[in-house]
Amino acid sequence: MNTSVTIAGVTFKNPVMTASGTFGSGMEYSEFVDLGRLGAVVTKGVANVPWPGNETPRVAETWGGMLNAIGLQNPGIDTFMKRDLVFLKDYDTRVIVNVCGRTIEDYVEVVERLGDEPRVDMLEINVSCPNVREGAIAFGQKAEALEKITREIKKKAVQPVIMKLSPNVTDIAEMARAAESAGADAVSLINTITGMKIDIHRRKFALANKTGGLSGPAIKPVAVRMVYQAAHAVSIPVIGMGGIASAEDALEFIMAGATAVAVGAMNFVNPYTTVETVRGIEDFMKEQKIEDINTLIGCVE
Amino acid sequence: MAKQKTSAIIRRQDRIAEDIYDLRLETELAQQAGAGQFVSVYLPDASRLLPRPISICGIDRRAGEVRLVYRIAGGGTALLSGMKAGERLDVLGVLGNGFPLERADGKRVLVMGGGIGIPPMLLSAKMLQERGRALGVTAVLGYRSETFLLNEFESVCPVIVATEDGSRGSRGNVMDAMKEHKAVADTIFACGPMPMLRAVKKLAEANNMEAYISLEERMACGVGACLGCVTKTVGIDAHSMVRNSRICTDGPVYDARDVEI
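Residue numbers (our numbering), protein chains in the order written: chain A, 480 to 780; chain B, 44 to 304.
Excised from the complex, chain A in its bound form (with noise of 0.2 Å):
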């Protein structure tokens, strides 16, 4: 039986990943869940320099989700080398990492200084916070914009470069396409969609940020949809989340064309998520028969 799938060369022994900033660097998860078993650990996203982010408070429960506004804080590039990439090169299983930047220069100078470090397999384009004004989203709403940054970036990556979706746009196909003809080695979405929650009783926003983005369950229906678009938009491969709760949840995105798929809010519901969703997988292609899951992505018919 085969989990392993293929992106742009580098190979996961399930497809199972964790979703940017749910996970920290691993090193919170790792006194529940053995990262060793996951397809990748997709951290944080980190900028060239540390990042304070908003003011608290920075999340709310929402119907079946949540909001949340963190605004990227992060260590910053330095920090996070020196600690979370050391910490995670003890882990037999693929590390991905998400940059954040409020000009194109911002992101350039991640880049390249992850450019020499072995243990990064990938790179992964945040474009699409919605919680920070400056950067990020800019580029993630405008097809043009998208094409700019993601050739830049192209120019100096050195590992394959992922680039984030956003789900707050009108045509995730056009994105998509975007992300593809400047180069981009795979797309993953969705990002959060941008929310409001107020406190009727003292009549002020449950944010301090006003708005956050809303991830969960809530928005799984919304994300398998827009993967299912993204994945016939384009020929890159695509790495679908929003919601995923389960292995059932997960075999949705494949079917709907996602190559591989992350766990994301769900983490903070019940932390064994991840794992539990590769053993879920598994045993679905056991039952099934199947011999390789490859032959599931994007089958639904």
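Bear in mind the hints are in silico, worked out from the structure with no lab data behind them.
Don't be surprised by glycine CBs; every beta carbon is placed ideally from N, CA and C.
Hints may be right or wrong, so weigh each one.
[Stated by the list, open to error] Pairs of lysine to aspartate or glutamate, EDC-like flavour, derived with a Cα cap of 20 Å: (1) A/Lys568 x A/Asp650; (2) A/Lys627 x A/Asp595; (3) B/Lys275 x A/Glu534; (4) A/Lys561 x A/Glu596; (5) A/Lys689 x B/Glu260; (6) A/Lys634 x A/Glu659; (7) B/Lys275 x B/Glu260; (8) A/Lys627 x A/Asp650; (9) B/Lys150 x B/Asp298; (10) B/Lys48 x A/Asp513; (11) A/Lys683 x B/Glu260; (12) A/Lys561 x B/Asp280; (13) A/Lys561 x A/Asp571; (14) B/Lys48 x A/Glu510; (15) A/Lys676 x B/Glu260; (16) B/Lys127 x B/Asp57; (17) B/Lys48 x A/Glu534; (18) B/Lys150 x B/Glu248; (19) B/Lys48 x B/Glu173; (20) A/Lys683 x B/Glu259.
[Said to hold, decoys possible] These stretches of chain A come out as covered by chain B in the derived footprint (C-beta under 8 Å, 3 or more residues): (21) 489-496; (22) 532-539; (23) 568-580; (24) 748-758.
Using the hints provided, position chain B relative to the given structure of chain A.
This is chain B only, laid out in the frame that chain A set:
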């Protein structure tokens, strides 16, 4: 022992004051829990994703029991309050750093609690007395009106009480009661609403006392991964490399001098 998500059994649950519930859980987490730490409680409703962080009010290691006293703050805790003995409840724990009880050795200690910040201070007072190295432990408790856990505090240490409506003890808050009783201390352990913790920090700084305060913030993961529950710190935090510390992991208890609240 590592943190874990585990299935606890409700031994009993009682309403002990208006909107205040006393929940006893049978769980192996009792073996590791300490004063000032907390557990996160998952609700039996899949639409309510995030666990509710609740401080530990008591532990009985021999009976394998963790006691949580909480207030109904919304739909989630209202649901929790309806759960009965024998039902199962998923909990994540043990979380947070806890009070540094050793900082009270040889010191006069005030254990201060305001409102729903009172429950964790009961365990703190008990453990300080069991440790037996403080020069004296006094509890200062502030209630809106109706008291709870008061008898239990009185069996542990001398208690100063304040109520906002003056129905019991001093009229006002814990700070008013402290002044009225001319309570002195070298070290303060405190949990309560933010204005109270700000006042404790100010008092400690003005009088060269040590104060350890337990902070609260909206949380998601509870284990330090999501960076949802941060507090501003005076210096650069060693983990975040900015002036933010993760309350769930590096707190909830801080030396008051280290945080900007």
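Checking each numbered hint in turn, tell me which of them this model violates, lowest number first.
Violated hints (numbers, rising): 1, 2, 17, 19, 21 and 23; every other hint is consistent with the structure.
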